[in-house]
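Engineer: Sequence:
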Amino acid sequence: MYQSFVLALLRNPRQIGALAPSGQPLARAMARAVDLAGKRILEIGPGTGAITEALLASGASRKHLCLLERDNRLAKYLAVKFPDIRVITGDARAVSGLIEVNSEGAIDIVFSSLPLLNMNTADRISILEQIVALLDERGTLIQYTYSARAPFSDEMTSRFGLKGERATTVFRNLPPASVWKYSRTIN
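Under my numbering, the first residue of the sequence shown carries the number 6, and numbering increases by one thereafter.
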């Protein structure tokens with residue numbers, strides 16, 4: 006597992022955006038940020054699957070979980086590690102073309118490990134816009150960041166009808182991380 010991460014990091018450090026795979030405390034904090042029972046879940050940037058494992062341990066259904074990983078080798082690793090979970094190889098900047106909202110409905114929860122603050126503003130806006138289009142009207146986006154600032158500005162989130170809040174900060178992670186929860190503002 007760690008070897009897969011290191012190889013991906015060496016190939017493209019900005020794309021990976023971390024010094025180490027997500028630790029268990031961060032993965033558990035992500036999974037606890039929202040109720041998972043019976044929800045349709047998309048995980049973007051699952052890497053080696055640490056958060057995926059926490060989602061499964063917290064009640065996420067394998068049947069309703071989909072993983073989107075950009076790195077080919079990591080995607081293959083995930084497909085072997087989780088043979089009964091749908092793994093899609095692709096770039097989050099094209100997420101709306103890779104994920105179908107099917108007859109079961111829109112996505113309830115998106116968990117993202119994307120290194121958003123390493124991306125330019127146009128890419129962050131595009132990714133957020135596509136995620137919002139995939140989300141159910143009461144859907145939630147859970148995103149972590151290693152920065153003290155939010156991964157999306159208030160201006161950016163209000164543009165798409167989202168309200169963000171820092172759900173928790175995980176100090177037992179390398180480096181410490183903040184988990185952000187974004188929900189649609191319901192009038």
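Hints were generated in silico from the structure; no laboratory data involved. In this text the structure is predicted, and so the values were computed from the model without any measurement. Built from N, CA and C at the ideal position, the CB exists for glycine as well. Do not take every clue at face value.
To be verified - Simulated restraints, written as ranges between beta carbons of each label pair: (1) Arg164 x Gly110: 23 to 31 Å; (2) Glu142 x Pro88: 28 to 36 Å; (3) Gly64 x Arg143: 37 to 45 Å; (4) Arg171 x Thr126: 16 to 24 Å; (5) Val85 x Thr190: 39 to 47 Å.
Said to hold, decoys possible - No more than 16 Å apart at the CA atoms, straight line, and that leaves these computed lysine to aspartate or glutamate pairs for EDC-like: (6) Lys68 x Asp89; (7) Lys44 x Asp113; (8) Lys81 x Glu105; (9) Lys44 x Glu142; (10) Lys168 x Asp128; (11) Lys186 x Glu142.
Engineer: Which of the listed hints are not met by the structure?
Structural biologist: Hints 3, 8, 10 contradicted; others consistent.
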